[in-house]
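A.B. asks: Each chain, letter by letter, is given below.
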Amino acid sequence: MGELLMDLGAWLTSGDQWSGVDGIANRLGEHLEYSLIATVIAAAIALPTGLLIGHTGRGAFLAINLSSFGRALPTVGLIVLVFLASGLSMTPVYVSLVALAVPSIVTNTYAGMRAVDPETRDAARGQGMRAHQVLLRVEIPLALPLIMTGLRLALVQVVATATIAAYVSFGGLGRYVFDGLAQRDLVQVLGGAVLVAAVALVLDLALAALQRALFVNRPA
Amino acid sequence: MIEFRAVHKRFANGTTAVHDLTLSMPAGGITVLVGSSGCGKTTTLRMINRMVEPTSGTIHVDGRDICSQDAALLRRSIGYVIQQSGLFPHRTVLDNIATVPLLLGWGRRKARTRAAELLETVGLAHDAGKRYPHQLSGGQQQRVGVARALAADPPVLLMDEPFGAVDPVVRTQLQDELLRLQKELDKTIVFVTHDIAEAIRLGDRIAVFRTGGRLVQCATPAELLARPADPFVADFLGAERGLMLLSLIPLGDLPRRPVPEGGRWELVLGPGRRPKGWRDRSAGDGDGALLPVRPLRDGDSLLSALNESVGSPCGLVVRVDTEGALTGVTSREEVHDRAGTAHASAARAASAPPEPAPRAGDHPPVADPAPASAPGTTGGAP
Ligand SMILES: Nc1ncnc2c1ncn2[C@@H]1O[C@H](COP(=O)(O)OP(=O)(O)OP(=O)(O)O)[C@@H](O)[C@H]1O
Ligand SMILES: [Mg+2]
Numbered sequence: 261m262g263e264l265l266m267d268l269g270a271w272l273t274s275g276d277q278w279s280g281v282d283g284i285a286n287r288l289g290e291h292l293e294y295s296l297i298a299t300v301i302a303a304a305i306a307l308p309t310g311l312l313i314g315h316t317g318r319g320a321f322l323a324i325n326l327s328s329f330g331r332a333l334p335t336v337g338l339i340v341l342v343f344l345a346s347g348l349s350m351t352p353v354y355v356s357l358v359a360l361a362v363p364s365i366v367t368n369t370y371a372g373m374r375a376v377d378p379e380t381r382d383a384a385r386g387q388g389m390r391a392h393q394v395l396l397r398v399e400i401p402l403a404l405p406l407i408m409t410g411l412r413l414a415l416v417q418v419v420a421t422a423t424i425a426a427y428v429s430f431g432g433l434g435r436y437v438f439d440g441l442a443q444r445d446l447v448q449v450l451g452g453a454v455l456v457a458a459v460a461l462v463l464d465l466a467l468a469a470l471q472r473a474l475f476v477n478r479p480a
Numbered sequence: 008m009i010e011f012r013a014v015h016k017r018f019a020n021g022t023t024a025v026h027d028l029t030l031s032m033p034a035g036g037i038t039v040l041v042g043s044s045g046c047g048k049t050t051t052l053r054m055i056n057r058m059v060e061p062t063s064g065t066i067h068v069d070g071r072d073i074c075s076q077d078a079a080l081l082r083r084s085i086g087y088v089i090q091q092s093g094l095f096p097h098r099t100v101l102d103n104i105a106t107v108p109l110l111l112g113w114g115r116r117k118a119r120t121r122a123a124e125l126l127e128t129v130g131l132a133h134d135a136g137k138r139y140p141h142q143l144s145g146g147q148q149q150r151v152g153v154a155r156a157l158a159a160d161p162p163v164l165l166m167d168e169p170f171g172a173v174d175p176v177v178r179t180q181l182q183d184e185l186l187r188l189q190k191e192l193d194k195t196i197v198f199v200t201h202d203i204a205e206a207i208r209l210g211d212r213i214a215v216f217r218t219g220g221r222l223v224q225c226a227t228p229a230e231l232l233a234r235p236a237d238p239f240v241a242d243f244l245g246a247e248r249g250l251m252l253l254s255l256i257p258l259g260d261l262p263r264r265p266v267p268e269g270g271r272w273e274l275v276l277g278p279g280r281r282p283k284g285w286r287d288r289s290a291g292d293g294d295g296a297l298l299p300v301r302p303l304r305d306g307d308s309l310l311s312a313l314n315e316s317v318g319s320p321c322g323l324v325v326r327v328d329t330e331g332a333l334t335g336v337t338s339r340e341e342v343h344d345r346a347g348t349a350h351a352s353a354a355r356a357a358s359a360p361p362e363p364a365p366r367a368g369d370h371p372p373v374a375d376p377a378p379a380s381a382p383g384t385t386g387g388a389p
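Going down the list, the sequences are from chains A and B. Here my numbering is used: the first residue of the first sequence is 261, the next is one more, and so on. Here my numbering is used: the first residue of the second sequence is 8, the next is one more, and so on.
Isolated chain A, as found in the complex (with noise of 0.2 Å):
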């Protein structure tokens, strides 16, 4: 054991291991990459779902069910049949991110909104708003804290997902996972599952410092 993790520190911290297209800045940079343009598609589709049956107060056990069903979706089997479908691209690994990553950011959003008063968007049509001056200038604004909670809990579900890019032979963090079963180099998938938890952990610790920081203003 002892031995195993100071291998693991060997091939983590070894300058060879961090450069060239295998190298660990390389596949970090691809790894972020599937995960920014999944979780930007994601709520491209989820921002406006959630906003709209927030502010509207329909379709609402959808964005209640939607999260259950998020989590019972299996995401290997979604992408083998997505891969099954469409052959050898990128398109199964972001069609599986994505909809990994929207129920976080609708149920989240729709969360948010239902949380503002209704006392407050009472107060803000009683003041003279139009309802889209409502939603911009009153829901919004108000559901953001947790509309930001969504996103980063749909990043951090990703980045922790994106592994599976390289299970249908593209890069990211996961190459090293899947490459060392194959190698059956267990030095090399721990060294990828350590460095996939790590950025998780440091992209929601910093995404939940941002919103403390944005939000100090707001009442507890």
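I should point out that these hints are in silico values taken from the structure, not numbers from a laboratory. It should be emphasised that the depicted structure is a prediction, and the values quoted were computed from it without experimental measurement. Each residue gets a CB set at the ideal place from its N, CA and C atoms; glycine is no exception. Do not rely on the hints blindly, as some may be mistaken.
Just a few of them, taken from the derived set where beta-carbon distance is under 7 Å, the chain B residues facing chain A [stated by the list, open to error]:
1) Thr62
2) Arg82
3) Tyr87
4) Gln91
5) Gly93
6) Pro96
7) Thr106
8) Val107
9) Leu110
10) Tyr139
11) His141
12) Leu143
Some chain A residues flagged as far from chain B (calculated, every beta-carbon gap over 12 Å) [what the hints assert, rightly or not]:
13) Trp271
14) Phe321
15) Arg374
On the provided structure of chain A, position chain B with the ligands as indicated by the hints.
C.D. replies: This is chain B with the ligands only, laid out in the frame that chain A set:
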């Protein structure tokens, strides 16, 4: 002037909240809507700025049918204050106040300047503007709510139990300030409350509703107290109706007498002839033995005098001028007599033909020799 003509409101679930309401609320006056919970006060108020649309009937504000106007534009021209202040928690106090000016396109600079001005108008410190609503006390939040409603200087102000959630001391302060503001600004105010004492204090006219959204009586406070239209209104006004009537009558011309010489009680004066308290001569001397005195001014009410005469050790009410200097005393008996005749004359005045009504806060004598009377009831239960 706000005019309801045969206004009816039935909600989708079948509840009739307002029943065939015909009522006019004079410009430049405070009309208070009172009644037990669920009798349609809020609904009535919210129909004025089209937060609720009437099922039938028409409402005119300053001669214009409100349904012919764009709802959002109408609302920007009417100040609206609600119970829990309804402030925007994510905006600073200053930005909250600037809401309507910004909607009206005044531009940030002008809107902020105006908001800062209003902070002062409603008695808030300048640096409160940079804070967020949750950093203020309930009373301060209500002040911000009032400032926000006044920001674009609308002629009409709707207030739905604005002081309902603050403690009695702060509530009295806020009421005083509303009266002071109203003297300066001369708005047409519609004010909803549960609290009959608040209605009496603030209202130029009071409209009493009963469950089912029926208006029972609309009258000046004095008229309402002296002659409730029916047992329901009498019951609603409560057991202290007689005392509340006294609260509307100023001490004014009640005779003042010199402080009696000798006797057991001596009135001790401080600098500037300000009364400090009663000293019991039979108990030796020393300031420590002073019993408290609450001197009254001419503008104070007969009710305060009655209260003071009961509390005073020798039954004398101490009177002072606006500077707080002693002007004389009035006996318990004189206060009681005046209270009695005041009741009788208020009842007579209320039944007399309409004449211009005095403003209660300005304390013209409602009692003899010049009985003030109230305009006749408009509206009322069919
Ligand atoms: N949106 C609504 N839908 C259905 N019924 C409503 C609605 N708003 C109010 N009501 C009903 O209409 C009646 C009058 O309500 P309203 O809020 O005007 O009373 P209120 O006099 O202001 O009461 P309170 O003193 O408790 O504030 C009540 O029976 C209430 O339940
Ligand atoms: Mg109400």
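A.B. asks: So, for every hint listed, does it hold in this structure?
C.D. replies: Structure-based check of all given hints:
no., hint, result
1, Thr62, "violated (20 Å)"
2, Arg82, "holds (4 Å)"
3, Tyr87, "holds (4 Å)"
4, Gln91, "holds (6 Å)"
5, Gly93, "holds (3 Å)"
6, Pro96, "holds (6 Å)"
7, Thr106, "holds (5 Å)"
8, Val107, "holds (6 Å)"
9, Leu110, "holds (5 Å)"
10, Tyr139, "holds (5 Å)"
11, His141, "holds (4 Å)"
12, Leu143, "violated (11 Å)"
13, Trp271, "holds (48 Å)"
14, Phe321, "holds (22 Å)"
15, Arg374, "holds (15 Å)"
The earlier numbered hints that this structure contradicts are 1, 12.
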